[in-house]
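All chains, please: the whole structure from these sequences, using the hints.
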Amino acid sequence: MRSETGFDYSLYERFPTEKRPDSEVEELNRIWRAPKGWARLTAVNNNYVGFWYVVTAFGFFLAAGILALGMRVQLAAPMQDFLGVDTYNQFFTMHGTVMMFLFAVPMVEAIGIMLLPQMLAARDLPFPRLSAFAFWAYFVGGTMFFLSLFVGLAPDGGWFMYPPLTSIAFSPGINTDFWLLGIGFIEISAIAGAIEIIVGVLRTRAPGMTLDKMPMFAWAMLVFAVMIVVAFPSVILCTMLLEIERAFNWPFFDALRGGDPMLWQHLFWFFGHPEVYIIFIPAAGLMSMMVTAVAKVPLVGYRLNVLALVATGFISFGVWAHHMFTTDMPRVSAGYFSAASMAVSLPAGIQVFCWIATLASGKIKWATPALFVVGSVVIFTMGGLTGVMVGMVPFDWQAHDTYFIVAHLHYVLMGGMVFPMFAAFYHWHGMTSSRALSERVGKWVFGLMFAGLHITFFPMHLTGLMGMPRRVYTYLPGRDLDLLNLVSTIGAFVMAAGILLFLFDLARRFRFTVHDDAGNIYGGGTLEWLPTGLYSTRSIPLVTSREPLWDRPQISKEVEEGRYFLPNSATGQRETLITSTVMAEPQYVQLMPGPSPWPLSAAVFTALFFLSLTVQGYAFAVFCGIVAVLSTLRWLWETDRPIKQESADIGGGIEVPIAITGPKSHGWWALNTLMVVIGMIGFMAVFAYLYLYGINPEVWSAPPPLGETAIIVGIEAAALLAAWGGRRFLASKEGRLAEDLPWMLEALAATLLVGALYLDVTGWLATGLEPTANGMGATVFMLSVLQGQVVVVAVIMATYLAFREARGIMTTPTNVTMDIVARFIMFCALQGMVFTFLPRVFPGV
Amino acid sequence: MSEAKNSEIGEPIDRPSIYRTLLIAFVIWSAHFAISYAGVLVFPDAGIARIIAIGAGLIAIAALLGQVLRLRAPRSPLALGSLGLAGAGVIFGTFPAIVG
Numbered sequence: 001m002r003s004e005t006g007f008d009y010s011l012y013e014r015f016p017t018e019k020r021p022d023s024e025v026e027e028l029n030r031i032w033r034a035p036k037g038w039a040r041l042t043a044v045n046n047n048y049v050g051f052w053y054v055v056t057a058f059g060f061f062l063a064a065g066i067l068a069l070g071m072r073v074q075l076a077a078p079m080q081d082f083l084g085v086d087t088y089n090q091f092f093t094m095h096g097t098v099m100m101f102l103f104a105v106p107m108v109e110a111i112g113i114m115l116l117p118q119m120l121a122a123r124d125l126p127f128p129r130l131s132a133f134a135f136w137a138y139f140v141g142g143t144m145f146f147l148s149l150f151v152g153l154a155p156d157g158g159w160f161m162y163p164p165l166t167s168i169a170f171s172p173g174i175n176t177d178f179w180l181l182g183i184g185f186i187e188i189s190a191i192a193g194a195i196e197i198i199v200g201v202l203r204t205r206a207p208g209m210t211l212d213k214m215p216m217f218a219w220a221m222l223v224f225a226v227m228i229v230v231a232f233p234s235v236i237l238c239t240m241l242l243e244i245e246r247a248f249n250w251p252f253f254d255a256l257r258g259g260d261p262m263l264w265q266h267l268f269w270f271f272g273h274p275e276v277y278i279i280f281i282p283a284a285g286l287m288s289m290m291v292t293a294v295a296k297v298p299l300v301g302y303r304l305n306v307l308a309l310v311a312t313g314f315i316s317f318g319v320w321a322h323h324m325f326t327t328d329m330p331r332v333s334a335g336y337f338s339a340a341s342m343a344v345s346l347p348a349g350i351q352v353f354c355w356i357a358t359l360a361s362g363k364i365k366w367a368t369p370a371l372f373v374v375g376s377v378v379i380f381t382m383g384g385l386t387g388v389m390v391g392m393v394p395f396d397w398q399a400h401d402t403y404f405i406v407a408h409l410h411y412v413l414m415g416g417m418v419f420p421m422f423a424a425f426y427h428w429h430g431m432t433s434s435r436a437l438s439e440r441v442g443k444w445v446f447g448l449m450f451a452g453l454h455i456t457f458f459p460m461h462l463t464g465l466m467g468m469p470r471r472v473y474t475y476l477p478g479r480d481l482d483l484l485n486l487v488s489t490i491g492a493f494v495m496a497a498g499i500l501l502f503l504f505d506l507a508r509r510f511r512f513t514v515h516d517d518a519g520n521i522y523g524g525g526t527l528e529w530l531p532t533g534l535y536s537t538r539s540i541p542l543v544t545s546r547e548p549l550w551d552r553p554q555i556s557k558e559v560e561e562g563r564y565f566l567p568n569s570a571t572g573q574r575e576t577l578i579t580s581t582v583m584a585e586p587q588y589v590q591l592m593p594g595p596s597p598w599p600l601s602a603a604v605f606t607a608l609f610f611l612s613l614t615v616q617g618y619a620f621a622v623f624c625g626i627v628a629v630l631s632t633l634r635w636l637w638e639t640d641r642p643i644k645q646e647s648a649d650i651g652g653g654i655e656v657p658i659a660i661t662g663p664k665s666h667g668w669w670a671l672n673t674l675m676v677v678i679g680m681i682g683f684m685a686v687f688a689y690l691y692l693y694g695i696n697p698e699v700w701s702a703p704p705p706l707g708e709t710a711i712i713v714g715i716e717a718a719a720l721l722a723a724w725g726g727r728r729f730l731a732s733k734e735g736r737l738a739e740d741l742p743w744m745l746e747a748l749a750a751t752l753l754v755g756a757l758y759l760d761v762t763g764w765l766a767t768g769l770e771p772t773a774n775g776m777g778a779t780v781f782m783l784s785v786l787q788g789q790v791v792v793v794a795v796i797m798a799t800y801l802a803f804r805e806a807r808g809i810m811t812t813p814t815n816v817t818m819d820i821v822a823r824f825i826m827f828c829a830l831q832g833m834v835f836t837f838l839p840r841v842f843p844g845v
Numbered sequence: 846m847s848e849a850k851n852s853e854i855g856e857p858i859d860r861p862s863i864y865r866t867l868l869i870a871f872v873i874w875s876a877h878f879a880i881s882y883a884g885v886l887v888f889p890d891a892g893i894a895r896i897i898a899i900g901a902g903l904i905a906i907a908a909l910l911g912q913v914l915r916l917r918a919p920r921s922p923l924a925l926g927s928l929g930l931a932g933a934g935v936i937f938g939t940f941p942a943i944v945g
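Protein chains in written order, with my numbering: chain A, 1 to 845; chain B, 846 to 945.
Be aware that a few hints might be false.
[Claimed, not checked] Here are a few chain A residues that face chain B, going by a calculated C-beta distance under 7 Å:
hint, residue
1, 303
2, 306
3, 314
4, 331
5, 335
[As the list claims (entries may be wrong)] Ranges between beta-carbon positions, derived for each pair:
hint, chain 1, residue 1, chain 2, residue 2, range
6, B, 904, A, 557, 55 to 65 Å
7, A, 165, B, 890, 24 to 34 Å
8, B, 872, A, 641, 36 to 46 Å
9, B, 892, A, 616, 47 to 57 Å
[Stated by the list, open to error] To be clear about the criterion: a stretch of chain B counts as covered by chain A if any three or more of its residues have a C-beta under 8 Å from a C-beta of chain A, and this derived list gives those stretches:
hint, stretch
10, 857-867
11, 877-884
12, 888-900
13, 906-914
These are calculated hints, taken from the structure and not from any lab test. Ideal Cβ positions, reconstructed from N, Cα and C, are used throughout, including at glycine.
Okay, structure coming up:
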């Protein structure tokens, strides 16, 4: 067999090895023990963090559902006064926002954090503290955001917050600021989770689990996380732009001053439509795994399914403007987006046919997960068909902003995400509960939800085609809308009854456990059904097929007896095995951090920082920001603690190194992913600059002189060289102390970047350009703001590096912290060159 | 359940020729889409935008065919499928420039 890393495949023949002593299990239990009492909040293990994440996301689902019931009561009859117009506006805004931002994406991330380590047979995801930070940031930020509803400060501009409705002139209160700062912050948490998932799927798979043997859910989560990394920076940028416009009067979206409200729509929907697939793809991965278990046969068309996931991931980035067909788009470009909207249905169709073929080729046991799986295929297909209809421009002109769209999107999201999620709850609850849920009640839950969904949303197709617009708090009698709306309201309560029954069953039977779970109730064949503890599996198995438990039933016993990789703690610490990206060949042992209060502290104070900004408590915001940064640094301080042991026996006499640096390391992948995120924010900001120039070239003025530009770019190039040099000098110190030169070069690089930024900003100001003047000023200085953010981080990182060197924990010839700091500063320098050069030479008037 | 039941026609995804082709196919689709849309943004009401899209479409199809020829026989169904799907997307996405 071809090797990816030079690994000798004959070593695999040593497994399964002899049975290992039970004392090693006791040691694993001791090392991975969870804190007790209130200290449990400092736990970072995926079993806890994943469970908390799922519970919180489900809580937001219930909360947003209650808002929906309120709206349905209001619309049950014409001219109702159950909700006032302002409250109704807040209700529909919060319903959409909470469902999309606080339920759908976090829920799939939560399921990923909970299932992936076990599914890949990793001890945990590679950055457990990052998972904990992502959860707490989401929990605290999301709760504060939701509570705004109870003090009348909830946003009311719709979940997509279009300016000019949301500009300061038309939304002067802080309701909109709650949305902008809250959502911007929560998206940071989603990106943190996505980085964790990308590195986890690519680097912590069990040996032998090649790309061709990866569970479909892992494939789906990989595509999902990559899409988040590409799409979410866009919404982070646009929320920043609108908040800065509102707070400091920089006219990005003000058409009278060279801005353009359409810029918001482009930036928002570049995130917003892929978001639908970001939600659907993980659910599709869950579906692919569940149809396999339901039909008891391998998935028909596994590779086609992978093709479909990747195709959906790409094509979904070409459909964003189909939300803008009724704006004044050029006809030809509307055609491109329409064509892409049709094209994206092809891979979705491939997946649906694979599921149907799998179900048809096996013998279905009609348990609750099977009902939800089949139900979701039916519902999703119906939603997909109306999606093709609204993908056609002339039809969309008629149906846009009517209840037809409400019906379409709910069929897609309920069939594409909510029903698969309920199927997954039933299918996988045996992993976390000591008792199984009731099958009889489960069937009632499905029946009520399935019937309720159609009763609620099918009539909306008709009310929409009859002309009822979305987001109206009431309607006039005598327009044939009364009965259909009443039916929809009844359906909503039927669906709610199903969910209430599910909650009743949960309360009655669900008992959280990490030790004595109910197990593999529905007969899945993948690794998450191996016996596990907080350390995941006792030993990490060698994977030879896609359903190892079906193909080698004795593997559970062998794993439990420690007859595979890492049967013990090779270093006496928390650790996991890092494998290669494609062929999953063992590469090295990663030391993992344990429980810590610092991710919690960092998340809470970051949330308070954003909340303080929202209520304009700037002094407190500064305090919270400083505490958040210090908490983050304290958390990181412990994560790069070199040990004397250089290699470890991972079982079968195979020795691998411990904690390496460079392109083979998992940290390298994580930093690269983070740089893609920051780079995407920069890319979208450059798009904003060019877009506004295309719309309003008349407000563009002359840039600073070229000589000045050359000096600034030269300084940034020097910073790049200094950062690179710091790493090189450290490499030359093998066997000796690091001493001062490496960190001083990094500090010099960061200082040069500060100087370059200062010259850039003062250069523009000297031309007479002000950020409040027009669209050009706003976007030029926005590029400086973005560069300023990364330069501040670079300065903090360089200072942190100096502290580590002073404490004598900078190892030679390589050091993870040095690696990260130097590469980040080099990235800052490169970004600075682009941001300096582009607006000064284009258009160059 | 035996491993034989898991086996599918063609080479596994973990072969570089397969996963690279899978990515290249959709990168070509993305490039075609981006160039076509950029053409309309820069020249919103001009025929040149249509010419750019059609030209980009022809180049994209040629690139996809080039990828087909680079695949060694017997050609992987998965690689061919991804190139075919991307090709369908490119042709579909060029139509608005011809008839729109």
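Now for the hints, and whether the structure bears them out:
Below 7 Å, beta-carbon pairs count as interface contacts, and residue 303 of chain A has one with chain B at about 5 Å; its hint therefore holds. A hinted interface residue such as residue 306 of chain A counts as satisfied when its beta carbon comes closer than 7 Å to some beta carbon of chain B; here the least separation is about 6 Å, so the hint holds. Taken as an interface hint, residue 314 of chain A checks out: its beta carbon lies about 4 Å from the nearest beta carbon of chain B, inside 7 Å. Below 7 Å, beta-carbon pairs count as interface contacts, and residue 331 of chain A has one with chain B at about 6 Å; its hint therefore holds.
Given the 7 Å rule on beta carbons, the hint for residue 335 of chain A holds: about 2 Å separates it from the nearest Cβ of chain B. Our hint of 55 to 65 Å for residue 904 of chain B and residue 557 of chain A holds, since their Cβ atoms are close to 58 Å apart. Judged by the Cβ atoms, the range 24 to 34 Å given for residue 165 of chain A and residue 890 of chain B holds: they are separated by roughly 29 Å. With their beta carbons about 41 Å apart, residue 872 of chain B and residue 641 of chain A fall inside the hinted range of 36 to 46 Å.
For residue 892 of chain B paired with residue 616 of chain A, a C-beta distance near 52 Å keeps the hint of 47 to 57 Å intact. Remark: the stretch 857-867 of chain B is confirmed as covered by chain A, as 6 of its residues place a Cβ nearer than 8 Å to a Cβ of that chain, reaching the required three. Only residues whose beta carbon comes within less than 8 Å of a beta carbon in chain A count, and the stretch 877-884 of chain B has 3; three or more means the coverage holds. For the stretch 888-900 of chain B, the stated coverage by chain A holds: 5 residues have a C-beta nearer than 8 Å to a C-beta of that chain, and at least 3 were required.
Counting residues of the stretch 906-914 of chain B whose beta carbon lies closer than 8 Å to any beta carbon of chain A gives 0, which falls short of the minimum of three for the stated coverage.
Figure legend: structure checked against the earlier numbered hints; the only hint not met is number 13.
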